[in-house]
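If you read the protein sequences in the order shown, they are chains V and Z.
Counting from 1, one number per residue, gives the positions in the first sequence under this note's numbering.
Counting from 1, one number per residue, gives the positions in the second sequence under this note's numbering.
Source of the hints: derived by calculation from the structure; they are not laboratory data.
Treat each hint with caution, since some may be false.
Okay, the calculated beta carbon distance ranges per label pair [stated by the list, open to error]:
(1) L314(Z) - D52(V): 44 to 50 Å
(2) T76(V) - D84(Z): 30 to 36 Å
(3) F171(V) - Q192(Z): 57 to 63 Å
(4) E82(Z) - I246(V): 30 to 36 Å
(5) I26(V) - Q29(Z): 25 to 31 Å
(6) I246(V) - N102(Z): 32 to 38 Å
(7) E141(Z) - D35(V): 38 to 44 Å
(8) Y23(Z) - E203(V): 55 to 61 Å
Yeah, the Cβ is synthetic: ideal placement off N, Cα and C, and Gly gets one too.
Chain by chain, the residues:
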Amino acid sequence: MFPNVDFVGNWKRWFIISGVLLSLGIIAMLLGRLDLGIDFQGGAQFTATSADRQLSEEEVRAALPPGIADESVVTTIGNNGYEVRTPVLSQAESQEVEGALSDALGAEVSATSVSPAFGEQLRNQALQAVAAALLIIVAFISVRFEFSFAIAAMAALVHDVLLTVGFYAIFGREVSLVTVVAVLTVLGYSLYDTIIIFDRIRENAPTVGYNRRRFDEMVNVSIRQVIRRSIYTSVFTLIPVTALLIFGESTLSDFAFALLVGILAGAYSSIFIAPQTLSLFKAWRAGSVRRARRTPRSA
Amino acid sequence: MGSPRNNLVILGAVVVLLGVAAYLIFLRQPVTESTQLGLDLQGGVSAQLRGSQTGGGTVSREEMEQASDVIRQRIDRLGVAEPDVRVQGQDQIVVQIPGVENPNEVIDIIGRTAQLGFYQVLATDGSPNTPTDEVDSVGKEIEGNLKDDQDFKPGKTKVIFEESPPIQGDGTDVFGYVVREQPDLTGEALQQNGANVEFDSNNKRVVSLQLTAEGGNQMADLTQEILNDAAVSGESAQMAIALDQDVQSAPVVNEVLSDQISISNNGLPDGLPEDEARQLETVLNTGALPVNMEIISQTTVGPTLGLSSLKSGLLAALLGFGLVLVLLVAIYRALGLVAALALLVYAFLMWGIVVAVPVTMTLPGIAGIVLSIGVAADANVVIFERIKEEVRRGRTSRAAIQAGYDRGFRAIIDGNITTLITAFILFALSTGSVRGFAVLLVIGVLLSVFTAVLVTRALLGLLSGRGVQLSPGMMGVSKGDVSTQRTAG
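Could you build all of it, start to finish, from the sequences and the hints given here?
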């Protein structure tokens with residue numbers, strides 16, 4: 001497939017495409033559009049389901065106890081559901097809100113509350129999990145392949161995570177514990193894609209010494225050999241994920257959104273980022289070795 | 001390709017496993033009860049509590065175990081079904097209770113330290129019939145007044161409050177009491193199961209407290225001291241009975257009391273409200289928690305929300321599954337049919353494992369399963385693409401299938417190991433429903449290697465053993481492709 005595309009040679013083009021997308025995400029994050037949910041900040045969230053009365057979001061807010069209403073965010077879910085997010089509440093206040101919502105809407109109210117301290121704990125755990133995953137994966141690839149492959153895989157992974165979080169910021173989706181799970185899953189997934197390509201490069205790699213042109217051409221051939229598989233795999237995974245995105249309730253839908261972005265980013269990075277980084281890193285290292293050899297001679 | 005005998009062994013094993021799974025899912029119990037649903041799917045309460053020492057010292061594992069026992073007893077006494085109370089990490093307890101009708105009562109009761117204290121009242125101030133929205137500000141005012149009182153000595157005494165419905169009129173009676181920092185008598189004076197809901201002579205509901213013999217003596221000493229001090233100062237003789245920092249009742253002491261005390265509320269026509277009395281009885285009889293407990297997160301899910309989450313999750317899973325099957329057959333024809341069959345086996349065995357372990361099915365769990373369908377299909381895509389590639393190079397279908405499995409297997413193993421790594425990290429660093437996701441992902445990955453690699457290979461081996469030769473067309477490779485690739489490569 002794609003016999004005429006120079007995947008490795010055109011690396012600048014591919015890097016610019018993801019660079020633009022990454023920048024958009026980072027700008028959105030800098031503008032404070034990343035919406036950390038109550039899992040990470042602390043606070044309370046009430047979900048009213050199967051409401052008997054249809055009220056506007058404003059009317060729902062008006063029904064809340066006076067002091068709490070000003071600081072609450074009300075959103076409508078589906079036909080007869082509402083979600084209300086508030087800052088941290090006491091036990092009594094929380095029961096007041098529940099009562100107010102079920103009275104005003106005639107709905108069943110479910111509630112979640114997280115203390116700020118616990119939110120911080122979750123945030124730290126999440127960051128640890130992602131960091132640990134990255135480190136162990138690099139170690140694993142270094143053992144199974146070689147260090148330069150691990151560097152390239154790492155670049156692809158960081159790219160995927162940033163892109164996923166960036167898109168969360170752009171679309172203003174709520175970052176919750178589930179998002180972290182999704183990001184870790186994306187890590188595993190994207191890596192799977194990358195490893196399939198690396199496996200083929202490993203298989204096709206000549207046993208004789210390194211030559212940049214020959215190596216890059218071999219990488220191109222390897223990509224062409226597996227690109228169809230990469231596309232099919234992404235399609236096969238994205239089908240159930242899209243079903244989740246469309247039919248899932250809020251949690252599942254957020255999860256599916258992260259996976260959708262992450263898997264697309266992963267498919268892209270395994271074809272357009274990881275092999276190119278590998279090629280550039282190899283070339284840079286060969287260059288620096290040559291320079292290192294040359295320097296003492298001229299001195 | 002495996003030997004004919006191996007193929008038969010594998011397929012035989014599949015048949016046996018399918019039988020076992022069918023028994024577990026459908027026959028052992030009604031199918032609707034076979035799968036354990038998590039709180040987010042069937043409704044219920046979950047809470048996470050963190051223990052701490054009053055002075056800020058570290059909490060021991062033993063204290064947490066004790067605390068979780070006490071919490072379990074409290075929930076048992078409420079009579080709700082199958083609470084799951086577990087100590088987690090150094091200082092946390094996770095409580096999960098499916099399908100509760102009165103979630104707020106449960107939440108109220110589990111986290112209370114429930115340290116019963118009897119105090120001599122040194123000074124008091126109060127505001128009857130306080131309008132509801134002024135309770136907080138009036139409380140602050142009372143606290144300020146009391147801290148100016150001569151009996152208030154910072155570090156040695158503290159101010160505790162009582163909020164109760166008034167004897168007459170509207171609003172709330174708010175009273176503050178200056179008492180010693182430590183209770184003069186604690187809940188240790190209470191006899192085992194000594195708290196009982198009863199009715200007094202005026203037919204008002206009270207919680208009677210039966211003290212131990214020693215506790216009775218101490219109570220006699222305490223009330224004697226209260227009476228003596230009152231006689232000297234001329235103030236009224238009053239005792240405060242507090243649970244943690246909340247005064248439950250502050251009776252005036254008219255005589256020396258011994259081992260019979262009661263907590264009452266004369267303001268209401270029926271005495272203590274029924275649920276409050278029952279809660280008091282429960283927490284007093286199960287004893288105080290050995291450490292302070294703070295609820296750091298809690299979730300209540302209503303049954304309809306749970307049901308609709310379950311429905312939408314299943315709908316998405318089934319739809320995704322169906323489309324994957326169709327696409328497999330559309331792209332890989334005969335090979336795809338074999339893979340689709342293996343995927344059906346996969347889904348059924350997965351269900352069997354979920355029931356057998358049993359894994360509690362949660363919303364993230366459903367997501368994990370849906371995702372693992374993609375993983376399982378992918379293993380076949382890797383192998384089949386390789387087979388098609390070999391066919392295009394002009395190999396016979398038999399040789400191509402052999403090469404596809406041999407070469408594809410290495411990539412699949414490496415790829416799956418990375419997925420397993422992330423799943424294990426998730427499991428190690430997370431709790432609750434996220435763990436459910438990690439467990440299902442691990443099971444899914446391992447099972448998918450079995451069905452997507454071993455089972456499909458055995459099926460294809462069986463076919464070719466029967467003399468069925470797959471033409472390139474049957475594998476989704478067009479004839480033209482084969483020849484051009486051969487001349488090109």
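Verification of the hints:
1. Take L314(Z) and D52(V): their Cβ atoms lie about 26 Å apart, and the range 44 to 50 Å is violated.
2. Judged by the Cβ atoms, the range 30 to 36 Å given for T76(V) and D84(Z) holds: they are separated by roughly 34 Å.
3. Taken as a hint, the range 57 to 63 Å holds for the pair F171(V) and Q192(Z), whose Cβ atoms sit roughly 59 Å apart.
4. A beta carbon spacing of about 35 Å between E82(Z) and I246(V) agrees with the range 30 to 36 Å that was offered as a hint.
5. Taking 25 to 31 Å as the suggested C-beta distance range, the pair I26(V) and Q29(Z) does not conform, at roughly 53 Å.
6. Checked against the hint of 32 to 38 Å, the pair I246(V) and N102(Z) passes, with Cβ atoms roughly 36 Å apart.
7. A C-beta distance of roughly 40 Å is found between E141(Z) and D35(V), which places it inside the suggested range of 38 to 44 Å.
8. Against the hinted window of 55 to 61 Å, the Cβ-Cβ separation of Y23(Z) and E203(V) comes to about 44 Å, which falls outside the hint.
In this structure, the hints that do not hold are numbers 1, 5 and 8, in rising order.
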